[in-house]
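Generate coordinates for the entire structure from the input sequences, incorporating the hints supplied.
Chains as they are written, first to last, in our numbering: chain A, 22 to 460; chain B, 22 to 460.
Be aware that one or more of the hints could be misleading.
Covered stretches of chain A (in silico footprint by chain B; criterion: 3 or more residues with CB under 8 Å from a CB of chain B, positions within the stretch not fixed) [stated by the list, open to error]:
id, segment
1, 50-57
2, 259-269
In silico DSSO-like links for lysine-lysine, alpha-carbon gap of 30 Å or less [what the hints assert, rightly or not]:
id, chain 1, residue 1, chain 2, residue 2
3, B, LYS269, A, LYS207
4, B, LYS269, B, LYS215
5, A, LYS269, A, LYS95
6, A, LYS269, B, LYS207
7, B, LYS95, A, LYS95
8, B, LYS269, A, LYS269
9, A, LYS95, A, LYS215
Treat the hints as calculated values from the structure; they're not laboratory data. Since the model is a prediction, treat every value here as computed from it, not as a measurement. C-beta atoms are modelled at their ideal positions from N, C-alpha and C, and glycine is treated no differently.
There are 2 protein chains.
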Amino acid sequence: MAIGEEIFRPGSSSDGEVRAGILVTGTEVLTATIRDENGPWLSEQLSGLGVELVEILVVADHPGDLARGLENMKSAGIDLIITTGGLGPTADDLTAEVVAAFSGRKMELDEEMEARIAAILARFAANTNLDLSTDALNEANRKQAMIPVGAVALDPVGTAPGLIVPGQAEGDPLVLVLPGPPRELKPMWEAAQKEPMLRQVLDQATRLEKYRLRMFGTPESELAMSLREIEGEGLPFDGLEITTCLRKGEVEVDVRYREAAADAAEQLKQSLLERHSRSLYSLDGSTVDEVVAGLLAGRRLGLAESCSAGLLAARIADVPGSSAYFAGGVVCYSNEAKRDLLGVDQALLDEFGAVSAEVAEAMAVGALERFDADVSVAITGIAGPDGGTGDKPVGLVHFNVRTAEGGVRAAAPIIPGGRRDVRERSALVAMHLLREILA
Amino acid sequence: MAIGEEIFRPGSSSDGEVRAGILVTGTEVLTATIRDENGPWLSEQLSGLGVELVEILVVADHPGDLARGLENMKSAGIDLIITTGGLGPTADDLTAEVVAAFSGRKMELDEEMEARIAAILARFAANTNLDLSTDALNEANRKQAMIPVGAVALDPVGTAPGLIVPGQAEGDPLVLVLPGPPRELKPMWEAAQKEPMLRQVLDQATRLEKYRLRMFGTPESELAMSLREIEGEGLPFDGLEITTCLRKGEVEVDVRYREAAADAAEQLKQSLLERHSRSLYSLDGSTVDEVVAGLLAGRRLGLAESCSAGLLAARIADVPGSSAYFAGGVVCYSNEAKRDLLGVDQALLDEFGAVSAEVAEAMAVGALERFDADVSVAITGIAGPDGGTGDKPVGLVHFNVRTAEGGVRAAAPIIPGGRRDVRERSALVAMHLLREILA
Numbered sequence: 022m023a024i025g026e027e028i029f030r031p032g033s034s035s036d037g038e039v040r041a042g043i044l045v046t047g048t049e050v051l052t053a054t055i056r057d058e059n060g061p062w063l064s065e066q067l068s069g070l071g072v073e074l075v076e077i078l079v080v081a082d083h084p085g086d087l088a089r090g091l092e093n094m095k096s097a098g099i100d101l102i103i104t105t106g107g108l109g110p111t112a113d114d115l116t117a118e119v120v121a122a123f124s125g126r127k128m129e130l131d132e133e134m135e136a137r138i139a140a141i142l143a144r145f146a147a148n149t150n151l152d153l154s155t156d157a158l159n160e161a162n163r164k165q166a167m168i169p170v171g172a173v174a175l176d177p178v179g180t181a182p183g184l185i186v187p188g189q190a191e192g193d194p195l196v197l198v199l200p201g202p203p204r205e206l207k208p209m210w211e212a213a214q215k216e217p218m219l220r221q222v223l224d225q226a227t228r229l230e231k232y233r234l235r236m237f238g239t240p241e242s243e244l245a246m247s248l249r250e251i252e253g254e255g256l257p258f259d260g261l262e263i264t265t266c267l268r269k270g271e272v273e274v275d276v277r278y279r280e281a282a283a284d285a286a287e288q289l290k291q292s293l294l295e296r297h298s299r300s301l302y303s304l305d306g307s308t309v310d311e312v313v314a315g316l317l318a319g320r321r322l323g324l325a326e327s328c329s330a331g332l333l334a335a336r337i338a339d340v341p342g343s344s345a346y347f348a349g350g351v352v353c354y355s356n357e358a359k360r361d362l363l364g365v366d367q368a369l370l371d372e373f374g375a376v377s378a379e380v381a382e383a384m385a386v387g388a389l390e391r392f393d394a395d396v397s398v399a400i401t402g403i404a405g406p407d408g409g410t411g412d413k414p415v416g417l418v419h420f421n422v423r424t425a426e427g428g429v430r431a432a433a434p435i436i437p438g439g440r441r442d443v444r445e446r447s448a449l450v451a452m453h454l455l456r457e458i459l460a
Numbered sequence: 022m023a024i025g026e027e028i029f030r031p032g033s034s035s036d037g038e039v040r041a042g043i044l045v046t047g048t049e050v051l052t053a054t055i056r057d058e059n060g061p062w063l064s065e066q067l068s069g070l071g072v073e074l075v076e077i078l079v080v081a082d083h084p085g086d087l088a089r090g091l092e093n094m095k096s097a098g099i100d101l102i103i104t105t106g107g108l109g110p111t112a113d114d115l116t117a118e119v120v121a122a123f124s125g126r127k128m129e130l131d132e133e134m135e136a137r138i139a140a141i142l143a144r145f146a147a148n149t150n151l152d153l154s155t156d157a158l159n160e161a162n163r164k165q166a167m168i169p170v171g172a173v174a175l176d177p178v179g180t181a182p183g184l185i186v187p188g189q190a191e192g193d194p195l196v197l198v199l200p201g202p203p204r205e206l207k208p209m210w211e212a213a214q215k216e217p218m219l220r221q222v223l224d225q226a227t228r229l230e231k232y233r234l235r236m237f238g239t240p241e242s243e244l245a246m247s248l249r250e251i252e253g254e255g256l257p258f259d260g261l262e263i264t265t266c267l268r269k270g271e272v273e274v275d276v277r278y279r280e281a282a283a284d285a286a287e288q289l290k291q292s293l294l295e296r297h298s299r300s301l302y303s304l305d306g307s308t309v310d311e312v313v314a315g316l317l318a319g320r321r322l323g324l325a326e327s328c329s330a331g332l333l334a335a336r337i338a339d340v341p342g343s344s345a346y347f348a349g350g351v352v353c354y355s356n357e358a359k360r361d362l363l364g365v366d367q368a369l370l371d372e373f374g375a376v377s378a379e380v381a382e383a384m385a386v387g388a389l390e391r392f393d394a395d396v397s398v399a400i401t402g403i404a405g406p407d408g409g410t411g412d413k414p415v416g417l418v419h420f421n422v423r424t425a426e427g428g429v430r431a432a433a434p435i436i437p438g439g440r441r442d443v444r445e446r447s448a449l450v451a452m453h454l455l456r457e458i459l460a
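Encoded structure:
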């Protein structure tokens, strides 16, 4: 943990009665060809169920590595192993076999499953015009319909069934075998939870309650000090798991707790709100994009973006239904565009330069007019890597946010980081200025 | 491996002489509070050096889990273990101690390092106005300056030094201890490679050559068929490791090979180029954004975006130096904006609707004029989730790309997926239409 990241865990959740491990198989994940989405997603699911995740292990599609991973998790006293990937029809899809061997179970053809997969594959081949011979189909089909004796087969979402495989001895881990593609894994995880064999293990965990706060403008170090003060004033932190995390320029505070600590969790929320009423803008996990979308309902927004060049427009339009309030924006990357499309006076550009409070104001006024808007945002800055001067360094960004009724918020921070950081952070700062002016 | 993902690995790289494991420590990574960037990044670095990555293990900041991970990697015959995270000044930053114990080495105060860290921390405290007492500073400082006897200390990039820790016995793994924040880890990895102790291990690996091809418009299944055909025609695939991956709407083909297979690798590239000359647009790994940036040099670009709402502008402006050719764009999210800012005839909007070939053309013509541009792009479509009709379903997007000299590319695909998919894919399609018209 570096300075500025803080995890308070005085009452750690490591008294959770159920311990889990996630085993991600896939050469394409290990070689960083694709990013693993399943590990983090399953981690959040387990956390919500009160299950303690001990480790995530990523290995290639080699049976030896997979078997070793399973054995190591068993040695670590893990109760539930979730594997992802390696369930396809090809030769390097070996998870089911390796898990069967690990659990001391033979593989057996499940004829009903074979018929079900045959139907799915036939449909798939017809839809995609794949030139799959009947023999190849049958072989792939049969391979995927081989189920360890005593295991529960989970209906395929794609073409591969999942599995719940019990151990042989008391205390052996239960293995949940899920497919790799996230669109298949997620629904199958939901289905698996309805199976008594998995349910029995999950039900031994005590569920955790959770809330998430979001803050903008308070450094993480200051928040850490507040947490220490609140604890010093006598609020019991036992039973609370508090994680603070700097993410995309905002601080997220995740608080997890068991039922018994619900009062302390609520008091903590109120104490943070008292101390950081300006920066603590979200008590229910809603994002600034969602908050601003709510505030914009019934209004009309126009944008004028230079250095952020569409990033703010893209964020605004990312919310479904935004066309009700988002009139549009001008990406005025050149001085001519500022002048011709937003009516910025050439004299202002000559006198103060494109990155100035004066031009930002003229851009915002222009956006109000051109889009016949109730509220507008202007962003003009130096994203770098070149173009900075002594007076106007790389990272200097001028903001002007205004309403048709005459409200104004202006700011000109120097945003640290590289070109992309400066541009993305510009859109974020603008979001918060919008939130403030509309609130 | 699911159908549609293909990895050809007839001559696997698993004969690499150096085996590595990555041990990511951090409760915040395990709980999915932050995403691990270091594992995938280091994986690519190792691959380039010809080192075989056996596993990536993520554990919480618990010394027991960390120690167990190290022991398991040692048992698996791993030569090089890279740990990330847990080097900070706080109590749960335990990596250095645990690695020292694992390698059978005592910790010793490195006084020179202590002085160096003291200077860094003093500067840090002054810059951030942190209320750190001298005692607290000294303690944090001393903790970070404790170095295992016989280890090489790597200069801090943030406040924490890295370590290269040799084992006690012949064949014990070498442990490279790196900090968690990517901005610290990356430069320290570069520095570590200059140290003879690490160099000696890395030099035992045979470096792999590599190239990356990018394709747009060829389905992965068709590419898989081409690869089978090329192999069938007698090109030896032994010694080539071919990974194909669908990423953000394009297909990436990574080919890794040792020196001896260089001819086969080159022949493969030529054979793919013959078969897919239209879709195979990048032979050197350059992205479409980079290719288009090169083609735009000396021209002037104007954009008119409706459903993509700034995403194309943001991609164009993401390239440093783009202000030389990017005049700007209009995000015309409303009909009024299409009319008032781009001069689209209200009669066209009334007769054909905002999502039509006619309006796309008028938007592109308007963008050429308003930005005094040489080339323009117009995008108008239905991103969903609402707004689709029988004639114009969600996902229908009209493109019109044109040059001042009269060149035109128009397209109107139905893009599958959710709102964000449709919008992002729209920007991608536009990039490729730009590439085609400028090439």
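Against the structure, the hints come out as follows:
1. 50-57: holds (count 6)
2. 259-269: holds (count 3)
3. B:LYS269 to A:LYS207: Answer holds: LYS269 (chain B) to LYS207 (chain A) is near 20 Å, not above 30 Å.
4. B:LYS269 to B:LYS215: 36 Å, violated
5. A:LYS269 to A:LYS95: Not satisfied, since the Cα-Cα distance of roughly 37 Å exceeds 30 Å.
6. A:LYS269 to B:LYS207: Since the Cα atoms of LYS269 (chain A) and LYS207 (chain B) sit roughly 20 Å apart, the hinted pair holds (cutoff 30 Å).
7. B:LYS95 to A:LYS95: 18 Å, holds
8. B:LYS269 to A:LYS269: 21 Å, holds
9. A:LYS95 to A:LYS215: With a Cα-Cα distance of about 24 Å, the restraint between LYS95 (chain A) and LYS215 (chain A) holds, given a limit of 30 Å.
Checked against the numbered hints listed earlier, the structure breaks hints 4, 5; every other hint is satisfied.
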